[in-house]
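K.L.:
So you can see what is in the structure, the chains are spelled out below.
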Amino acid sequence: MDARRWIRAGALGGVVTIFLALVGLIGNFTGLRLVGEQITFARLMLVSAPLVAGLIVAAPRIEGGTRRAATLSEAIRGGAVAGAAAGAVFALGILFTDWIGDERVRRIFLNVSPQLMEFVTFEQAAGVGAAIILALSAAAGLLGGVLRVAPATIRRPVTAALSVTLLFGFLQRVIPIAFDQIGLERDWLYSASLGGLTWIGALVIAAASAGVSIVNSRYGSRLRGRFAGRPDTGPGVRPTTLVLGAAVLGLLIAAPQLLGSVISEVLGSVMVFALLGIGLNIVVGYAGLLDLGYVFFFALGAYAVALLTGATLNAFGIAPEPAISLGLNFYVAIPFVMLLAAVAGVLVGAPVLRLRGDYLALVTLGLGEMVTVLVGSPWLVPLVGGPSGMRGITDAGIGGLGFRQPQQFYYLALAFVVLAMFVSWRLAASRIGRAWTAMREDEQTADAMGINIVRFKLLAFAMGGAVGSLGGALFAVKIGSLTPASFQVLVSIQVLGLVILGGMGSLPGVIVGALVLVGLPGLLREFEEYRLLAYGAAVVAVMVLRPEGLVPNVRRSRELHEEEAEQDAWVKAEEPAAEGTPA
Amino acid sequence: MKHRSWVTTLAMVTVMAIVAASCADDTGGGGGGDGDGGVDCAAEEFGCVEVAAGEPINLGAAQVISGADANLGQDQVNAIELAIDYRDGTFDQTPGQVLGHDVQLTVEDELCSAEGGQTAGTALAADASIVGVIGTSCSSASLGVADTILGDKGILLFSGSTTSPALTDPALHNPFFARTAHNDRIQGAIVAEFSLGDDLGATTAATIADESPYTQGLVAAFEANFEAGGGTITGSEQVNSEDTDFKAPLRTLAEANPEVLYFPIFVAACSLIIKQAADIMPETTLVVSDGCIATDTLKNTGGAQGVYASAPDVSAFASNEFYSGEFVPAYQEAYATAPLSVFHAHSFDATTILLDAVEAVAIENDDGSLSIPRQALRDEVFSTEGYEGMIGTITCLETGDCATDVTIGIFLGPGWDVEGGTGDTSPVYTDTKSLDDVL
Amino acid sequence: MADSEASPAAVRQMTRFERLPWRRIILLVLGVVIVTVVVLGVFRTLTSAQRFSGDYWIDQTVNGLAQGAILAMIALGYSLVYGILRMINFAHGEVFMAGAFGSFFFADAYVQSGFLNRSPVLALLIVAAVAISVSVGTAVLLERLAYRPLRNAPRLVPLITAIGASLFLQNAFRGFFGPQPYPFPKPQILAGNITLLGIPVQRIQVLVLIIAVICMVILQWFVSATTAGRSMRAVAQDKEIASLMGIHVDRVIVMTFAIGGVLAGIAGVLFSLTFEQVQFTMGFRPGIAAFTAAVLGGIGSIGGAALGGFVIGLLQAVGPSLLLTGFGIPSVNSLRDAFVFLVLVLILVFRPGGLLGSGEAEKM
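Protein chains in written order, with my numbering: chain R, 1 to 583; chain E, 1 to 439; chain V, 1 to 364.
The set of hints was computed from the structure by calculation and includes no laboratory data. Computed from a predicted structure; not experimentally measured. A virtual CB, placed ideally from N, CA and C, is assigned to each residue, including glycine. Treat the hints with caution; some may be incorrect.
As the list claims (entries may be wrong) - One side of the interface only, derived from the structure: several residues of chain V facing chain E at Cβ under 7 Å:
hint, residue
1, Y56
2, D59
3, T61
4, N63
5, P183
6, F222
7, S224
8, A225
9, T226
10, F275
11, E276
12, A317
13, N333
Claimed, not checked - Pulled a few chain V residues facing chain E out of the computed Cβ check, cut under 10 Å:
hint, residue
14, Q60
15, L124
16, Q180
17, Q188
18, G192
19, T195
20, Q277
21, Q279
22, V318
23, V332
24, S334
25, D337
Said to hold, decoys possible - Computed footprint of chain V on chain E, listed as stretches where at least three residues anywhere in the stretch have a Cβ under 8 Å from a Cβ of chain V:
hint, segment
26, 114-123
27, 258-272
28, 367-380
29, 397-404
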């Protein structure tokens, strides 16, 4: 029985590895060295699935009504079997490809390159390579199993060490720049010739993170207790949150100085998306409305700012003055732009907010599409320049100090983000925020209690839209020119993705989401082609495994796990009676 | 009360941020070098590039090297490397030198989009040692983006394949942008001339454009010259390059029964229009441009029978001894393939001109280092006159166009000059024009 | 704004300004404006100096119907799943794409060996079978991995998951097969036009219409006359009661996804034969259009999806030229998507249940 479960988990892992190979994540990265010369990204991909299979197989299970952890022997056997099963499936794939010839497979699956085949067979004959894979996967599975059942005092530091070291390995083009800027020696950490971490550097990082993890487990609660003060009852902020917030803010302010202008440019994009996320968070996170057309407000803000601050049309052969052109200062234009977006939000929202969630999603999607089509259409060329767009957007300068340079822009964006976060935070704690929460949790009851649903939905839509338009305005300043290509439906999906990943309704979550979904891809340019694949997988994984996101909002978390909470309560209530009665 | 303290903290932080911003200085800007030669680097607006003794000269490239258009960019990167190789006079797969310094190539991917252009431009602009950039591959990555980012720092952006007229339009041109690629006003004009002329003898034409600057430029040039030559444009449609169903716009255009349909768009949409137009407008002659000329198009349309395609006439410089006798064999030896697109020669010439200019304006200091003044470098490139490059005679204009006399050929499918083309792949029509000849 | 369904408590809180029947007033004004604009536009288009010929309208209508037939088949998949799970399967467009892509490799092999033109019927049947298998496989996999764990989650969650799944599938296929389009072969017997009632129609369009109608008829029969169909309707009506009645709900749900997959697979082959091209992005726009069609017709209803498909097809083909040319807007066909969405929004405003719906939106 157990064996069947183990084999199934392993087989699934094998299929995942085959998928990774077919999609190109193994074959194209045989040269991406993470640690030293031996640990490459491709090798990591090869053993990840069996490792995870081992982790899953050795997880505590619910048997006979109780939760039971796996024993060490079970973990070893299970992990090994699962790993072997994964390896077997993948090995079968290798043997099959070898048998019918990899050129024939390549006619269908483009990534089955000779390079890939050489790699997965370890440059041996297919049979030998398959055997090696089998053994390697079994070992990985075993490791995963053992890790899962290890006591927390061992597991946590090991996990921390592994993840942080790998992260440093991935960021091999970013962290050395920071070191250079500060003037620290970095050759001991990153190998200049190979690109990745040196073994010494890796060991140091691993030891350090393990150490931090141990300290955190032992003394963390004590330290937090020291700062905790009273629990979260009234308005105001807990001292821990204040300290943490100030530290993060300090880091964010110092970042461009440490990291140079290339990374500052990426961080600037992160800030713009964070702003968009804060706005969408009001709509999706606070009010619970699924808006798939957020690009509408983004585009509105960008083009409105361009038109109000005197940008010109990019197309050649026509007059460069747009049909509407004012020469306002950026900071004077911003309130008008936000007002325009709010009004547009109300006009657009009024007829459709009565509709149920799915319809609302569709209609907002359609609105986003409409905007995309309209800004690129020949019809509106005299206004927004059509496909060639607009150029010469103001750099939001104050007294000669422009904000287009990456570092300067970052500070401008950061200032707006902090402002928006503050407003959003106060909003959530206000009467309006409470109305939204009530509306979100049970609309009919809220209505019965006297909350004007339509009014509050419109308010959410308008405020979310205003913040979104602010994001658009900043985007326009950042790039200095606008083309319709930047305003596709994908933007709406990306912003939704980062709000979800970070945690719906959670403001710190938005920042985390932006850093992960916009910052990481910006820094890891070699994975550009796999960005959307990772996005899709991340969204599905988050929704299935942890719908409250990475930095959850406590309330939302409870809402999302309502079913489980109810069941738990039911089980607990039943327990005294269950003692003497048969199951 | 508590809120007030929050507000003060916030205000202080914001002020601090702005102060920090004004002190922020990225690692840019050339320092002064006390060189002879009458150039004071410290006083120069864009300063000089300092290359220490023994250090390589850093050349940048912003090309599209991933995704669907990777061939276009990779081809040019290969050509740039060959140009660096040839500094020593032979193609021997060992890089040559400039003034005793090695030349190092830094390639950034511009993703054939405005955002990619911004990222690539920022990355290269951040590096103070970059002497100049060969790129971009696509007009959308340059227009208002990379050209401005690099131009603001005085870094020359020299392109081998961006053909959009907007880039060298007097109102929109960035002084630090130049190109050896032709200006599509010429290509559009020659296509119009071909349509009006004896081969087709058309008096009516319709156009289809997509959202890219490349297409927009060609269609605008075609329409202007066609009408100036006495023809009538019966309709213009715009489509999205990702659409699959073009029946509606085609049917709309078919109403006026144009004799010629010109749709200079890219491979995916182009193949579909060729197939769909065969049913909807069987009597109309179809004309496309180099964005559509690809092996895939021929495959998808069964040879593009009867479709005319305009492109730079490579045979004009294929007859060049150097090109066919030395360059192409060297390319094949180094990269195990024939050149992938048609713009490699343009990038080769651009690189050579740029490096020649570096040799001309660099100040050799006593300690063996070089100071290369950016403004002088730009001026030197722009003063190129009568240079015999692989693509022909090159004379740079103040607006950035360096390809003076451009030869465009019209090819009849399936005889397109690309892998998969069959039959006679020589052009059925060819003409050479300069910018003064066209609208 | 006052809402006639607002609770007494809420009404008490509203100001006199808010108590006016704003919604009715605005709807009325909006309706009048829209009707005026439509009539004006159509009139001006049909009487303008460069008016289109009768042939033009006929051709566009035929194109619209043929395209609409394909959309209808995809829309049926959306409607069926919605009826059972009350959720929009955003990834259905990718199910369609998967089938088309999967069948491409067989079709390509057949055209190379000549089999496609020697015995086109047999070849096409095999190609269709492959498409169906791949589509059904994808749909069932989706259900099992992405939707089943979320059966009891709040409504927002499966919707977002579907979007993520759609992105994932699209890019997985991009990773497998590359970003470039592949030419899908068309057998000789399907090339060219035939003349029906004096109208030239493409042979492939005739095939599309015939097959679409057959499929819809079979589906209607299946749902109303067979036991399996009845169990589908039961589960759609009330999942819990159905399971109490002995219906294996999970199996019915899988079957629903599978049927949607069958239709999408067939649509995929027909689409590929019409446009002779497959590409990893090919599912996105038809997916949105079909989704729009299902909602337009009244989601959850088979007849609604079918009707919606044809209506959207016609709107896309005929709408922009008929309405917008009259206002002198250049290149009206580039506004096609915007036009369709505008119509959708308006329909939902006036008739939230869709064309065949009840006229009132269900509240969440």
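K.L.:
Take the hints in turn and mark each one as holding or not.
P.N.:
A quick look at each hint next to the structure:
1. Y56: 5 Å, holds
2. D59: 5 Å, holds
3. T61: With Cβ-Cβ at 11 Å, over 7 Å, it is violated.
4. N63: 5 Å, holds
5. P183: 4 Å, holds
6. F222: 30 Å, violated
7. S224: Hint violated; S224 of chain V Cβ to chain E Cβ min 33 Å, cut 7 Å.
8. A225: Check failed: Cβ of A225 of chain V comes no nearer than 36 Å to chain E, outside 7 Å.
9. T226: Violated. Min distance 35 Å.
10. F275: 5 Å, holds
11. E276: 6 Å, holds
12. A317: 5 Å, holds
13. N333: Holds. Min distance 4 Å.
14. Q60: Hint holds; Q60 of chain V Cβ to chain E Cβ min 6 Å, cut 10 Å.
15. L124: Result: violated, 19 Å to nearest chain E Cβ.
16. Q180: 6 Å, holds
17. Q188: 12 Å, violated
18. G192: 8 Å, holds
19. T195: 14 Å, violated
20. Q277: 6 Å, holds
21. Q279: 7 Å, holds
22. V318: Interface hint status for V318 of chain V: holds (8 Å vs cutoff 10 Å).
23. V332: Check passed: Cβ of V332 of chain V comes within 8 Å of chain E, closer than 10 Å.
24. S334: 4 Å, holds
25. D337: This hint holds: D337 of chain V lies near chain E, its Cβ roughly 8 Å from the closest one there, short of 10 Å.
26. 114-123: This one is violated; 0 residues, fewer than the three required, reach chain V with a Cβ under 8 Å.
27. 258-272: holds (count 4)
28. 367-380: Violated: only 0 residues of the segment 367-380 of chain E have a Cβ under 8 Å from chain V.
29. 397-404: violated (count 0)
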